[in-house]
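Q: This is what each chain is made of:
Protein chains: 4
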Amino acid sequence: MSNTFGSLFRVTTFGESHAKGLGVVLDGCPAGLEIGVRTIQDQLDRRKPGQSKITTPRKESDQVEILSGIFQGRTLGTPIGMVIYNQDQRPGAYEDLKDLYRPGHADYTYDQRYGFRDFRGGGRASNRETAGRVAAGAIAAKMIEELAGMKTLAWVEQVHRICAEIDHETVKFDEVESNIVRCPDEKVASEMIKAIEKAKKDGNSLGGKIRFRVAPVVAGLGAPVFDKLTAEIAKALMSIPATRSVGFGLAGKAIELTGLEHNDAFVLKEGGKAGTLTNNAGGVLGGISNGEPIYGEVTFKPTATLSSLQKTLTTDLTPVEFKARGRHDPCVLPRAVPIVEAMINLVLADHCLRYSVASMARLKKVFS
Amino acid sequence: MSNTFGSLFRVTTFGESHAKGLGVVLDGCPAGLEIGVRTIQDQLDRRKPGQSKITTPRKESDQVEILSGIFQGRTLGTPIGMVIYNQDQRPGAYEDLKDLYRPGHADYTYDQRYGFRDFRGGGRASNRETAGRVAAGAIAAKMIEELAGMKTLAWVEQVHRICAEIDHETVKFDEVESNIVRCPDEKVASEMIKAIEKAKKDGNSLGGKIRFRVAPVVAGLGAPVFDKLTAEIAKALMSIPATRSVGFGLAGKAIELTGLEHNDAFVLKEGGKAGTLTNNAGGVLGGISNGEPIYGEVTFKPTATLSSLQKTLTTDLTPVEFKARGRHDPCVLPRAVPIVEAMINLVLADHCLRYSVASMARLKKVFS
Amino acid sequence: MSNTFGSLFRVTTFGESHAKGLGVVLDGCPAGLEIGVRTIQDQLDRRKPGQSKITTPRKESDQVEILSGIFQGRTLGTPIGMVIYNQDQRPGAYEDLKDLYRPGHADYTYDQRYGFRDFRGGGRASNRETAGRVAAGAIAAKMIEELAGMKTLAWVEQVHRICAEIDHETVKFDEVESNIVRCPDEKVASEMIKAIEKAKKDGNSLGGKIRFRVAPVVAGLGAPVFDKLTAEIAKALMSIPATRSVGFGLAGKAIELTGLEHNDAFVLKEGGKAGTLTNNAGGVLGGISNGEPIYGEVTFKPTATLSSLQKTLTTDLTPVEFKARGRHDPCVLPRAVPIVEAMINLVLADHCLRYSVASMARLKKVFS
Amino acid sequence: MSNTFGSLFRVTTFGESHAKGLGVVLDGCPAGLEIGVRTIQDQLDRRKPGQSKITTPRKESDQVEILSGIFQGRTLGTPIGMVIYNQDQRPGAYEDLKDLYRPGHADYTYDQRYGFRDFRGGGRASNRETAGRVAAGAIAAKMIEELAGMKTLAWVEQVHRICAEIDHETVKFDEVESNIVRCPDEKVASEMIKAIEKAKKDGNSLGGKIRFRVAPVVAGLGAPVFDKLTAEIAKALMSIPATRSVGFGLAGKAIELTGLEHNDAFVLKEGGKAGTLTNNAGGVLGGISNGEPIYGEVTFKPTATLSSLQKTLTTDLTPVEFKARGRHDPCVLPRAVPIVEAMINLVLADHCLRYSVASMARLKKVFS
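Residue numbers (our numbering), protein chains in the order written: chain A, 1 to 368; chain B, 1 to 368; chain C, 1 to 368; chain D, 1 to 368.
Pulled out of the complex, with its shape left as it was, chain A reads as follows:
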């Protein structure tokens, strides 16, 4: 069950890094949504390897093939099966990893859990698995925009100790996509790129922070008590490889304020709607969206794969030194941006469906 995410808008991903193929089945997407393969491929292209000098040079075009669930350009309400065939397989290329537990990787833990693993390129633990999430996330994005006008945007805020200070209220998609590191501050972005290139050259790697925003947002999304919107997005983001922390609104900095400083006063807004004067809460109260923009952050550790000598153990527990050969990302953040967006969109799509069944008033609209 652990390869399925979502309760009503439900994705199941499959595939190891070097298996014949990988993909996703999306079950629960309502019938009648117009969606083209281009919309999906566009998002995959943002995630695909080899897209710039600061990502892995592995050659994968990540072309998605839609097997089912979409007919004449519209969803059928049946499961949408999508497959990406692996191309850059290089048989034998990973033989040296067969008997090794790489530091910071899941080799050892997969062996502890399953007693057996696909050692080629990280197997199931590879970031490659997230391609399926991005494909399904593209459909989620289309649905929540069509139903409720909601849009999610993520960007790189920090790489190692290089921080941008992006205004989450005003940042735009084009700004994010204007450079290869996906940091909307051009000046900081070029510093980040230099730092990543240096880390690559040094056989080292860097982590960082991605921030995100959803706006506009329908009020009423999120399902207490366990499926609070924050709880569900937290899980969604922490399921992305290499994540270390997640926060909402002011995140950890909320501690520094007192209650009088942190509470967002309710006020009348234009159109006579209720809103809040400030938005320290990040758009969620008691686990339910209040209609203000949702924003937050997620941090990533530096990539575990390094082109430098590291001490480790073989599978028979003999100490060795090990140095990875190329073809990895010195910093995962630029390619993680569409993954973060996809995971948030999957949660929002699920909660749009769950919202519709939360009150008799809404249900009566359906049955009338």
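Simulated from the structure, these hints should not be mistaken for lab results.
All values derive from a computational prediction rather than experimental measurement.
Fair warning: there could be bad hints in the mix.
What the hints assert, rightly or not - List time: in silico EDC-like cross-link candidates among lysine to aspartate or glutamate, alpha-carbon distance up to 16 angstroms:
1) Lys-364/A / Glu-165/C
2) Lys-311/B / Glu-261/A
3) Lys-200/A / Glu-261/B
We have chain A already, so just place chains B, C and D on it with the hints.
A: Frame of chain A, contents of chains B, C and D only:
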């Protein structure tokens, strides 16, 4: 479904703050676990209101009544139903909240979602709901200790800007319980207590940070790709009211290290077992425990209820000023410590069960 | 997880026959449904023991206590917790069953599964558990009637070899309730009552068949491929103790027709709606309701508890003879009628919620 | 969610009859199970069209392609993705069905539910979907045999009014496979074949009954109260297209016995094990297997597709007459036999996993 947590070791809580009663049904606890009501009540007592001068003075003894599922001191394998009757109900005491959207609370969002809410004391959004989690968590704690020797400990690390620096490797339960704020550094604890008392006097409130540790830990727990141990604990903790962020290992500070600094080298440990030289990862790699201690942190915003005048709206969207009357926690952290432990223990119990079905080798032990 | 039924309208029952209490948590009932305790108690009264000379004389008033989830006569959208305290407990009364595997009962199988069981009155395997289902089913019935005008009716069609031939299109609730065996044919009913009384006197027991009908029915309910309406109702009914088979439409008799005889032609019906000329299919095509009445049947084996000597084994596998003392139903069918209705209503309520999220057209009504 | 079956051993199927491809993702299969593609293909071959003169002549070789989850001949514990590409697509061949509601088919109900459907060959409602089930079922069969020696066998017992009387205790796989109708009584089989051929010639169709047996069986499988083994198998079988009823043990005939006749006495069996003298219960008591063979039956209606004129409506509700062109099964039963086995094996595999976590005694074996 949103009131159920866990896949195999599954809890469903029910009850509003001022309903007749609240409680929990625990389904999936294996048969034959010895458990007494005292073990459960002890944890509830750590969470109950009125336990010290820095918590709400609301009078609730929170006596648990076990209705089913335990027979002759042992679990039957059937659902364990537990109820706590609400005592301090004061009819009419909350009439003034009926038509009000309190800032920082879920009044407005519940109305947006459900079109209707129980306005008495926060209704379902009240922290009171977590009593059911703590009751079930006590059973989870007993099970994981008996099966795998695992123990979870949480403590208050920070209140507002007052920080302790607790060594997560050595901190002990008795140290945590040695003072009313549950910070194991006596000196810092007394500062925290003073700060909370001052906040209370000022009609203000404070947030803070709780840290936690699980040790020892079985290697192999956690279910990629979506149900990574970190992802599941993140959701568990972010489902606790007032949480703002969650992190594992070095959490946000992992960004400041390079890959060469952050990676934990695998080394031989005593008894010829594999382990890691450092534990920056916090005991989880690729979403699966590696046998090293799991540690991390969760932050809480300052309590939303304040005994000071605040601007807000009535339910018919008229601006008003509002001031809460007593009976609330000026800082939720001391009482949140057992809730954090309970949520982590529920995740670990679930994953102990899931671990047993992950490999044929383990299953063959069962069927042999 | 096995004590939870339903995906969106989700019930979790708890409680053994002689535990302190038993009950149910209903999660997912939408907010704003008007429901009174009387509506729930009325259904429990139809199921309760001691209601007539042909049911068990065990004294249980089965008074339901609503703990949470309903406020001011309306559902809150939060979990509805309901408890029934066991009254007729007679400590020691079941000591003789402690070391015995009764034929036809679940004593042996519970021991095989759990290694331990509550031997008092069948423990969790007791029909008493179904009280929780009936309580939740009453709320389901209210919801589906209010949303879609749907009503479910069940009745006793056969006891042992005594068959009625009830027209499922015209039978009425009052006819079913007009006698203690709940067979709407008065003449056959009195034969059934005599047969049951005789069986009781003989220390024997009888089984039989219950039939059911849902009308009117919304077209479009049911979720292929696995959660077909027929599949879900089949599971629902086969989860009732003592059931042996379930069928829809003509059930097993469909075999005797050819395709040309069995197919229901689509025709225009009054109001210009599509319908079928005949209704051999029982209102479901491809697992989805077509708007015609749903009907079918479920059979029950004769009660396993007998006041006659039977051969069996003790728990240490010594052959013995055993004879049950009184207080059991010689035929479960009269009390099973409201249980059958409850289970069907739970499925229908779940599928009303699922229906609302199956198409963009319906969702757009919600978000408009 | 409705395209996923099972709780721990979980299959998700996707694909319409004439989509690019169809398939299945199996999540939760434990790591380390040896499985070859041949084992899977063998079962698919038993289900595939065109296998004999009494099945549809549609040309589909149903070659399975394993995309992921199996490495070096063993399961990885990761999701097993399997795809079958559709070959016999004949674009335009189904244009005449586009605007038609065929009698007995799901055209009308899919439109009512989804507002849109893939009209080519029945779309998602096609029996073709079951290919994914059979592929996953082959892995389930391998697992339950390896873990617990369990084997499932199904056969055709009745076609229209032609009945065999097969002894479920002694019937063998080779006998079932010895003829194209899969009825192990040669003489009755040839009558059935003649009847099916005649129905085909007459533009008519026939239904029938399949019976099944599982032996040997581990005692303790099945999860009360809702996930009783009988309830789960009932749902599994009723989710197969065209099913009308399902029964266990004596099924509907249990009614004709009294309790004294129906109860199976517990007796000592060889090896000093407990067993029952008779097996009227069909191996399940209180929803849990008792170790005796499980047996039962499932009935199928006559195929809805007919090469004869039938009255029906167009999608704009105009009455028309309609006659299907070839390429359908005049009787679904011969090809349904492996589907019935697959569905039962999926349930048993799921419950083998669930059994392992039901008691502390078994769990301690895992953690020791």
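Q: Let me make sure I understand: some of the numbered hints might not hold for this structure. Which ones are they, in numerical order?
A: 1
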